[in-house]
Amino acid sequence: MRRFFLIAPPFAWLLLLFLVPFVIVVKISLSDAALAIPPYVPKFSWAEGIGTYFSQLDFENFTFLTEDDLYWKAYLSSLKIATVSTILTLLVGYPMAYGMARASSEWRPTLMMLVILPFWTSFLIRVYAWMGILSNEGFLNQFLLWTGIIDTPLIILNTNTAVYIGIVYTYLPFMILPIYSALERLDGSLIEAAEDLGCSRLTAFWLVTIPLSKTGIIAGCFLVFIPTLGEFVIPSLLGGSNSLMIGKVLWEEFFSNRDWPVASAVAVILLLILIIPIVLFQRNQQKQQEAEQ
Amino acid sequence: MTLKTMTLTAIVALSSAAATAEEVRVYNWSDYIDEELLTKFEAETGIKLIYDVFDSNEVLETKMLAGGSGYDVVVPSGTFLQRQIIAGAFQPLDMAKLSNSENMWDVIEKRTAQYDPDNAHSINYMWGTTGIGINTAKVAEALGDDAPVGSLSLVFDPANMEKLANCGVHFLDAPSEIIPAALAYIGEDPDSQDPDVIAKAEPVLSAIRPYVQKFHSSEYINALANGDICVAIGWSGDILQARDRAAEADNGVEIAYNAPSEGALMWFDQMAIPVDAPNPEAAHKFLNFIMDAGNMAAASNYVYYANGNKASQPMLEEDVIGDPAIYPDEATLQNLYTTRPYPVKVQRKVTRMWTKIKSGI
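Chains A and B, in that order, are what the protein sequence lines are.
Note that the working numbering has the first sequence beginning at -11, numbered continuously upward.
Note that the working numbering has the second sequence beginning at 22, numbered continuously upward.
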């Protein structure tokens, strides 16, 4: 009984904030677009009964997604952008986490604070700040022109490069924190032992430090990869018109085509794609917990 | 706390809530009003005004069609208004509450009636044209002094665009405005609803696509004013605002606006009251306030757009009423075209074509 009360709140939470909205989205994805409020039919009414209602639904919108190249290309391009940004974030984040973990204990809280500090400002404002930095007449170009490294401004804003910069910047803390927590627990004597046994510092890093921080790396990668896949704000503000991401396609379906059913179908498929990394992530977390016990 | 003080606190809280209960929520385009008018409305009526902005008709339409937007007054453009009226999104206006409606200009009302029959659901706020804004110095630098700044060939001829690409070209992210312009450029009917004719715009736009830096419907104001870009297809008043911001900043940037000689789209932004507006009474008061000749003149003087209010014209400043970019002369007026909303199936094709043009897929 006590067990039931313990697990009831999280399950109620999941039911209310995940399952119910998801069922609504699936329901809309099976309807047809219409010029009405709300802009789809059929509308559900108890009077007609559930049977008639379900008989009016079909999978037309899902077959539609397979007929046009746009959708799978957008999914693929999002997967590519998410993968590349995750790798970039790892490359930038790992050394930072490593440095934090190796710093003396009186410095660690300050360093931790510096990683978290950007969260104190709105995410949107920070992305706008990047627009100011990267634009043709922005700080970066003016600085580079002033130093004489370049003589014509670099075009960065409104390209995929700007999208990568924005994503790496925004999601960096999500990469650093789990890696840091894995590295912090790392027993320094293990590395000493490896070095005593003839490892160079680099091989000790490869053979001891990296494997022992694996859980942190995996957790960090998923925390970056999953939200990046559906990212909308960063590509639409920093990206150009040719940075194709599924988040933008979804937006177009909703706003330009006013086709909520197709938009919902796009969202359902996005979720199905995300389930794979989410399940893998869960497994990793579970393994880690078991290992700790 | 004793029971007595608790009751008292509750009463005080309730009565102060009642005092501020009268609210009106307005959802208008960004950079589209003199903010002093907002405080003036609050002072005159005692109604608290909550003013919120958007920068695309699509965003507004999605809110309207979702229902329950919570807004009392919204400002869709003609074709969008027409579609939303059909969807049942707006309530008919109560003319008895709009004593200032006699100020309106019949020339404009006649044109807006094609979107809103008898102007039963909306009043005109502003109208304008979609044309080309240029950074005069940078365009002359790229194309020479005889650059075709008054013609669509400036932005639709790949030879010109190739030279302009380096200094930056922005297009509105609005297929319903850019596609008609491309059709006008090749001599087709800009208001065509025939998918085969609309498809002819695609090669025109794809040819110049590599030279367009961004499709966006509000960033170009600042980008032009700062000198980040040298050409933008945009809305007349927005480009004139960019001109003024550049002049105020005194940064050496000089902006000019032209309605293209091949014809320019004339559009109308209409104020309407959603069918589920929480406070239609106050919404009517706001509409009536806006239709006041003095207020409308103040708004136009501030945003550099023409309005549909005849009585406001004597109060307009000379650089507004006297500027043919804002109040076009007879010849230009003849050259302006209007468009109708696309049917649903055509709309999907248009959006799909737009995505293809923008992303190449």
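Treat the hints as calculated values from the structure; they're not laboratory data.
There's no promise every hint is true.
[Unchecked claim] Simulated coverage check for chain A against chain B, where a stretch passes if three residues somewhere in it have a Cβ under 8 Å from a Cβ of chain B:
hint	region
1	-9 to -1
2	52 to 64
3	75 to 89
4	121 to 132
Positions of the beta carbon are idealized from the N, C-alpha and C atoms, including for glycine.
Okay, the hints, checked on the actual structure:
Only residues whose C-beta sits within less than 8 Å of a C-beta in chain B count toward coverage, and the region -9 to -1 of chain A has 0 of them, not enough to reach three; the restraint is violated. Restraint check on the region 52 to 64 of chain A versus chain B: 5 residues with Cβ-Cβ distances below 8 Å, three needed, restraint holds. Using a Cβ-Cβ cut-off of 8 Å, 0 residues of the region 75 to 89 of chain A lie near chain B, which falls short of the minimum of three, so the contact claim is violated. Beta-carbon proximity to chain B at under 8 Å applies to 3 residues in the region 121 to 132 of chain A; the threshold of 3 is reached and the given coverage holds.
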